[in-house]
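The listed protein sequences derive, respectively, from chains D and F. Each residue of the first sequence is one higher than the one before, counting from 1 in our numbering. Each residue of the second sequence is one higher than the one before, counting from 1 in our numbering.
Please note that the accuracy of each hint is not assured.
[Stated by the list, open to error] Partial list, derived from the structure: chain F residues whose beta carbon lies under 8 Å from chain D: (1) L6; (2) Q13; (3) K39; (4) H96; (5) L99; (6) T102; (7) Y159.
[Claimed, not checked] Computed footprint of chain D on chain F; a stretch qualifies when at least three of its residues, placed anywhere within it, have a C-beta under 8 Å from a C-beta of chain D: (8) 121 to 132; (9) 135 to 149.
Because the hints were derived from the structure by calculation, they are not lab data. Since the model is a prediction, treat every value here as computed from it, not as a measurement. All C-beta atoms in this analysis are idealised placements derived from N, C-alpha and C, irrespective of residue type, glycine included.
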Amino acid sequence: MTIAEILLQDYDAEMKNTRTTLERIPEDKPDFKPHDKSMPCGRLACHVSTLPRFGLTILTTPGLDMAVATFPKLVFESREKLLSDFDSLAAETRGYLARASDEHLAQNWKLSWGDKVIADGPRSILYRTMFFNHLIHHRAQLGVYLRLNDLPVPSLYGPSADDRMGF
Amino acid sequence: MPIKDLLLPEFDQELRKTRTVLERVPENVEMHDFKPHEKSMPMAKLAAHVAQLPSFLTLMLSTSGFDPSKSDRKPLVMQSRAQLLACFDKYSAEAHALLEETSDRSMHETWKLSKGDQSIYDGSRYQAIRSMFFNHLIHHRAQLGVYLRLNNLPVPATYGPSADEKVSH
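Based on the sequences and whatever the hints tell you, model everything.
Below you can see the structure in the form of structure tokens.
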């Protein structure tokens, strides 16, 4: 089995879980945050919906220097925009991953800030820790934001209080 | 590349980050019942669930399936932060040792999760550990981070800076 085939195994299920969460983001509360120091709901949702672009960057470039890179603005416009950004980026990233050779995925990718190296390791590992796991992390936070707004929380790895999955 | 070689560096990184979050769970027993919402899990229960998850990886790597209705496996109960960390360290070390010995052949074998007659998961062991261990752990660890935030406790930088810390652990 190639590295890409291994990495693809949970891709579709997790992207579907992510879409389900994004579909529930309220349109009328982009400024909601659970705490002064937390990211507002709209911004966090945009971060999640555009994270596959970071996966794409890891797959298609030799590295990223954050001192000179430009990042998306993360301004919530509508749920429709959130979902269409997510759908196209998730599909594009999936396409690149499916075509990536073992050799390409074993090569190092580097994240830096000017001269300071933040991460330097095989693409296969950084794809996972910097993109995929990062996405799961912020999606879980969004689940708490939904809960705090009395919106139904999807069941992802087991029953939620709103969806018992037969338990 | 053997699948375990793909998983081990990630295991070490993610478990280190998980330990950092568990180290911040307050000792103050009054905070243990904290929940952000009536429907949410109390903090101590969520923290214990996270600390216990590596033992679920060991279970997945050493059995062909699991049926909670036929098992005497009990949820870990938090008594103190030290006890939680000791359990987490022990479970993590066991899971790491077993993962190191797991062949690709074993990764591709079928593993099942069921409840009596009801099948909940029936697929490869690799897919099971990806979803039910790694992704599941990251998910609940992130929720625990929000619980820390809501209690004005410092939130570790996990995949990038948090409002309290610039550098990841």
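Unmet hints by their number, sorted upward, for this structure: 4, 5, 6
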